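Number of protein chains: 2
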Amino acid sequence: MSPLPKYQEIYRRFRLAIDQGQLGPGDRVPSVRSLALELNVARGTVEAAYQLLVSEGFFEARGQAGTVIAGALPQVPVKPQPAVPSTAPGPRPLQMGLPALDAFPRKLWARLVTQQVRRTDADSLAMGDVRGALALRVAIANYLALYRGVECTPQQVFVCAGYAGCLTLLCDALQMTGQRCWFEDPGYLHARRLLVHQGVELVPVPVDGEGLEVERGMQRDRQARLAIVTPAHQSPLGVALSPARRQALLEWAREQGSWVVEDDYDSEFRYRGQPLAALKSQDVGDRVIYAGSFSKMLFPGLRLGYWVVPVSLVEAFGCSAERLQQRSAQLLQLTAADFLEQGHFTRHLKKMRQLYAQRRGLLVEALEVHCSGFLRVDEQAGGVNLLARLLVSVPDHVVAEAADRAGLAVHALSGWMLEPGREQGVVMGFTNVVTARDAADLAMVLHRVIAQCLSVASITTA
Amino acid sequence: MSPLPKYQEIYRRFRLAIDQGQLGPGDRVPSVRSLALELNVARGTVEAAYQLLVSEGFFEARGQAGTVIAGALPQVPVKPQPAVPSTAPGPRPLQMGLPALDAFPRKLWARLVTQQVRRTDADSLAMGDVRGALALRVAIANYLALYRGVECTPQQVFVCAGYAGCLTLLCDALQMTGQRCWFEDPGYLHARRLLVHQGVELVPVPVDGEGLEVERGMQRDRQARLAIVTPAHQSPLGVALSPARRQALLEWAREQGSWVVEDDYDSEFRYRGQPLAALKSQDVGDRVIYAGSFSKMLFPGLRLGYWVVPVSLVEAFGCSAERLQQRSAQLLQLTAADFLEQGHFTRHLKKMRQLYAQRRGLLVEALEVHCSGFLRVDEQAGGVNLLARLLVSVPDHVVAEAADRAGLAVHALSGWMLEPGREQGVVMGFTNVVTARDAADLAMVLHRVIAQCLSVASITTA
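First to last, the sequence lines map onto chains A and B. If you read the first sequence in this note's numbering, its first letter stands for residue 1, the second for the next number, and so on. If you read the second sequence in this note's numbering, its first letter stands for residue 1, the second for the next number, and so on.
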């Protein structure tokens with residue numbers, strides 16, 4: 001339907017490709033014969049286009065060696081091109097939920113990927129298992145038994161594309177659309193959005209110093225089908241779910257026939273006190289569905305998370321996995337399996353535990369020096385995020401928005417709440433704060449931001 | 001909550017790991033000190049477990065060199081382990097929808113992956129763009145312009161995890177739940193299941209020798225929000241959508257403000273006659289949403305598909321991509337981009353076109369020799385699947401089920417129909433039929449299967 005003659009259309013496509021940098025000096029172009037075949041046009045049509053491109057200096061004919069893009073290209077744009085916005089910028093300062101990207105053993109990983117991709121045979125180019133590669137499920141089961149006290153068979157493990165993929169599978173397997181689910185308040189924003197999107201009705205249950213207030217949950221909705229908790233370090237408050245609450249939660253689930261999701265996203269990162277057992281390891285009634293992810297343990301771009309489900313749910317999850325057909329690339333699953341089985345995983349976590357404790361310390365100190373009077377950092381024993389309470393009367397979302405404009409990726413605590421108002425603070429990631437200098441710079445920006453918010457507030461009030 | 005003393009629990013975990021083969025002869029085990037730290041138990045507890053394992057011959061202490069799993073393991077199982085079923089078997093004979101797995105340039109791919117993974121920097125370990133890696137979107141836009149006559153900017157391209165991921169994004173972006181959609185009858189079974197799962201109401205529209213019967217579609221439901229078509233080679237009938245029907249379909253969409261999805265899944269594979277232009281290249285009203293996938297062009301395990309959406313839908317698709325958070329691994333997206341940009345993609349497609357024409361010929365000939373009287377192969381100009389009509393009066397699903405038991409992955413045509421009964425046949429993939437011998441063997445199995453079905457049918461009738 002192009003209004004241009006065929007040869008001009010071909011000419012224009014090459015001009016666009018050169019303009020956009022997809023074809024560059026020295027690149028070979030298809031032979032006249034093969035392009036004519038590809039486009040199903042007469043050779044003469046392609047020849048006409050090529051001649052025009054040669055005559056204008058975009059192509060260079062090199063006889064037997066074929067035709068290539070010219071070395072010195074004329075600077076004549078075809079037409080104004082819509083700009084391609086620069087997307088996927090690197091992580092932003094204080095961005096939450098990231099591991100220390102600089103500290104990941106990239107060379108080792110590259111070596112494992114290389115070994116694995118060289119072993120790829122024809123059969124493994126096909127789809128693979130919807131439940132995840134068997135080697136990875138075995139490696140996960142073994143890791144969990146040795147390090148998290150969670151005993152399971154590989155059949156109970158379902159590998160998904162990150163936590164988003166995990167939640168999609170969960171909602172399908174438990175048929176959660178229109179069902180009610182206890183949700184920590186404040187609670188993991190990202191999960192909340194995905195659950196709401198899946199049509200799950202969230203029942204906010206407050207969190208205090210002992211974690212989820214199970215009694216309040218039962219008062220609000222005893223019959224909820226599901227409770228989603230972060231027992232190791234509540235997200236974002238960082239508190240651990242107390243032994244009594246754990247017991248109460250498991251009993252509630254057993255009595256009601258409800259399910260408990262344990263999101264064990266960062267339990268390995270605990271910087272003082274004892275590492276906590278997984279709730280799943282205490283789950284005698286088999287009501288806990290355990291979620292793990294490699295996004296924070298390895299790197300987010302890997303997009304690998306997993307469920308460990310009770311034996312009674314293996315079939316339902318298997319059917320849902322078949323239905324949804326959301327597979328992750330085999331190559332990276334097998335590489336992750338190697339990383340676990342060769343012991344790199346536990347070594348890496350150990351290093352990160354030390355590094356994160358140190359980096360958290362850097363940021364806490366900088367905030368205490370530069371933001372005292374504005375912010376007070378919550379005591380937290382672990383995790384990859386840090387919560388600072390606002391000591392001044394500016395709404396936290398105003399601070400977060402101003403910080404965002406200043407380039408900082410902090411979140412308002414109230415934004416993580418289903419019933420806002422009770423808590424005010426800012427949440428931020430510290431894992432990519434490398435030096436004391438970085439920490440001080442960031443804290444000073446935050447100080448300036450809050451000071452400005454305050455002065456605006458005082459003007460508005462005046 | 002384990003009833004065992006701690007050291008016995010640790011002992012048992014190692015026994016399980018050895019039994020299941022996760023730890024093997026010569027593998028190093030963690031030092032007492034580090035495991036005690038990991039598990040938060042006294043060193044003495046770990047030592048007790050290790051001593052037991054050494055005394056029973058499972059561990060070997062090697063002094064300074066640490067402790068390793070013993071070379072000759074005692075053959076004493078801990079307890080009967082649930083068997084791990086062997087999953088994800090290779091592709092099955094005649095399986096549909098696969099490229100020729102033996103013919104994919106695995107070494108070249110491994111080289112590109114290796115180069116790409118070595119270039120990975122810290123920032124690219126983060127999540128990446130929800131719309132797909134920019135490099136891949138640029139490469140796709142350029143490929144489509146040069147080879148499919150589809151002009152678009154990289155902003156219009158959305159990379160998803162295979163066609164399943166594509167359909168999920170589409171349904172979300174167009175808010176298809178509860179909406180009506182024309183669906184080819186017979187039509188792509190896999191897509192049908194996913195759409196039904198998303199709550200889309202499918203309106204079956206028959207297909208004849210010219211493809212989708214657009215008139216019938218308008219009679220049945222003029223106001224449908226969407227029509228999904230396979231214009232190059234209808235799936236599974238293999239017919240091309242005629243120029244008049246294309247025109248009618250585009251006009252319908254423009255008048256109604258409806259959308260047309262062009263699933264261009266195998267247009268590159270056409271073995272005789274002229275390659276067909278993409279419907280999208282004729283889409284002056286900008287109503288066509290174009291779907292491409294690398295599952296059949298490269299390999300299914302890659303899990304990469306993409307949309308090209310009209311400019312007016314870029315924002316809606318962008319918001320949905322944000323909401324769904326279904327990203328594909330960066331590494332493989334960037335490798336695919338290299339594969340396209342370095343020209344390997346078009347070279348590979350060209351080779352496959354020749355190979356598939358040849359392999360299709362092998363299977364068609366074998367079916368003509370061994371199944372004449374039972375099956376008649378439909379004339380088809382392209383694609384990766386082949387349709388054979390049943391010439392005998394046995395329901396096609398009976399044949400398909402019997403063939404399945406005999407190891408062949410053929411489908412019943414009626415299973416691909418929303419309104420069954422009109423057509424009877426078997427559909428199969430030919431791309432992995434390597435030799436004339438293979439083809440003959442498969443055809444003979446199919447002959448035997450149909451003959452058996454017939455004899456059973458005659459007994460039942462008698």
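I should point out that these hints are in silico values taken from the structure, not numbers from a laboratory. Nothing here was measured: the structure is a model prediction, and the numbers come from that model. Backbone N, C-alpha and C fix where the C-beta goes; we use that ideal spot for every residue, glycine too. Just so you know, not all the hints are guaranteed correct.
Taking lysine to aspartate or glutamate and the EDC-like style, the derived pairs with C-alpha atoms no more than 20 angstroms apart in a straight line are [said to hold, decoys possible]:
id, chain 1, residue 1, chain 2, residue 2
1, A, K107, B, D121
2, A, K296, B, D129
3, B, K107, A, D123
4, A, K296, A, E251
5, B, K6, B, E56
6, B, K107, A, D121
7, A, K296, A, E322
8, B, K296, A, D129
9, A, K351, A, D102
10, B, K296, B, D121
11, A, K350, B, D102
12, A, K351, B, E38
13, B, K351, B, D338
14, A, K351, A, D404
15, B, K296, B, D338
16, B, K6, B, D27
17, B, K351, A, D129
18, B, K296, A, E47
19, B, K296, A, E151
20, A, K6, B, E151
21, A, K350, A, D338
22, B, K350, A, E38
23, A, K296, B, E38
24, B, K6, A, D378
25, A, K296, B, E151
26, A, K107, A, E341
27, B, K350, B, E315
28, A, K296, B, E56
29, A, K350, A, D102
30, B, K296, A, E56
31, A, K107, B, E151
32, B, K350, B, D121
33, A, K350, A, E365
Pair ranges (Cβ atoms, derived) [said to hold, decoys possible]:
id, chain 1, residue 1, chain 2, residue 2, range
34, A, E215, B, S31, 39 to 47 angstroms
35, B, L37, A, A122, 40 to 48 angstroms
36, A, D286, B, G361, 38 to 46 angstroms
37, B, D208, A, G63, 14 to 22 angstroms
Against the structure, the hints come out as follows:
1. A:K107 to B:D121: Holds: A:K107 and B:D121 sit about 10 angstroms apart, inside 20 angstroms.
2. A:K296 to B:D129: With Cα atoms ~18 angstroms apart, A:K296 and B:D129 stay inside 20 angstroms; holds.
3. B:K107 to A:D123: The given pair, whose Cα atoms are some 15 angstroms apart, holds under the 20 angstroms limit.
4. A:K296 to A:E251: violated, 30 angstroms
5. B:K6 to B:E56: holds, 18 angstroms
6. B:K107 to A:D121: holds, 10 angstroms
7. A:K296 to A:E322: violated, 27 angstroms
8. B:K296 to A:D129: Given pair B:K296, A:D129 holds - Cα atoms ~18 angstroms apart, limit 20 angstroms.
9. A:K351 to A:D102: holds, 13 angstroms
10. B:K296 to B:D121: At roughly 30 angstroms apart (the allowed maximum being 20 angstroms), B:D121 and B:K296 break the hint.
11. A:K350 to B:D102: violated, 42 angstroms
12. A:K351 to B:E38: With a Cα-Cα distance of about 12 angstroms, the restraint between A:K351 and B:E38 holds, given a limit of 20 angstroms.
13. B:K351 to B:D338: It holds: about 19 angstroms lies between the C-alpha atoms, which stays within 20 angstroms.
14. A:K351 to A:D404: With a Cα-Cα distance of about 31 angstroms, the restraint between A:K351 and A:D404 is violated, given a limit of 20 angstroms.
15. B:K296 to B:D338: This hinted pair holds, its Cα atoms lying about 18 angstroms apart.
16. B:K6 to B:D27: violated, 23 angstroms
17. B:K351 to A:D129: The hint is violated at about 29 angstroms.
18. B:K296 to A:E47: violated, 32 angstroms
19. B:K296 to A:E151: Answer violated: B:K296 to A:E151 is near 39 angstroms, above 20 angstroms.
20. A:K6 to B:E151: holds, 14 angstroms
21. A:K350 to A:D338: holds, 18 angstroms
22. B:K350 to A:E38: This hinted pair holds, its Cα atoms lying about 9 angstroms apart.
23. A:K296 to B:E38: Measuring from Cα to Cα gives roughly 18 angstroms; hence the hint holds.
24. B:K6 to A:D378: violated, 34 angstroms
25. A:K296 to B:E151: Measuring from Cα to Cα gives roughly 39 angstroms; hence the hint is violated.
26. A:K107 to A:E341: OK: A:K107 and A:E341 at ~17 angstroms, within 20 angstroms.
27. B:K350 to B:E315: violated, 35 angstroms
28. A:K296 to B:E56: Not satisfied, since the Cα-Cα distance of roughly 39 angstroms exceeds 20 angstroms.
29. A:K350 to A:D102: holds, 16 angstroms
30. B:K296 to A:E56: Between B:K296 and A:E56 the Cα gap is close to 39 angstroms, so the pair fails against 20 angstroms, i.e. violated.
31. A:K107 to B:E151: Roughly 39 angstroms between the alpha carbons, so the hint for A:K107 and B:E151 is violated.
32. B:K350 to B:D121: violated, 34 angstroms
33. A:K350 to A:E365: violated, 23 angstroms
34. A:E215 to B:S31: 39 to 47 angstroms: Because 44 angstroms falls inside the window, the suggested range holds.
35. B:L37 to A:A122: 40 to 48 angstroms: holds, 45 angstroms
36. A:D286 to B:G361: 38 to 46 angstroms: violated, 56 angstroms
37. B:D208 to A:G63: 14 to 22 angstroms: This hint is violated: roughly 51 angstroms between Cβ atoms.
Checked against the numbered hints given earlier, the structure breaks hints 4, 7, 10, 11, 14, 16, 17, 18, 19, 24, 25, 27, 28, 30, 31, 32, 33, 36 and 37 and satisfies all the rest.
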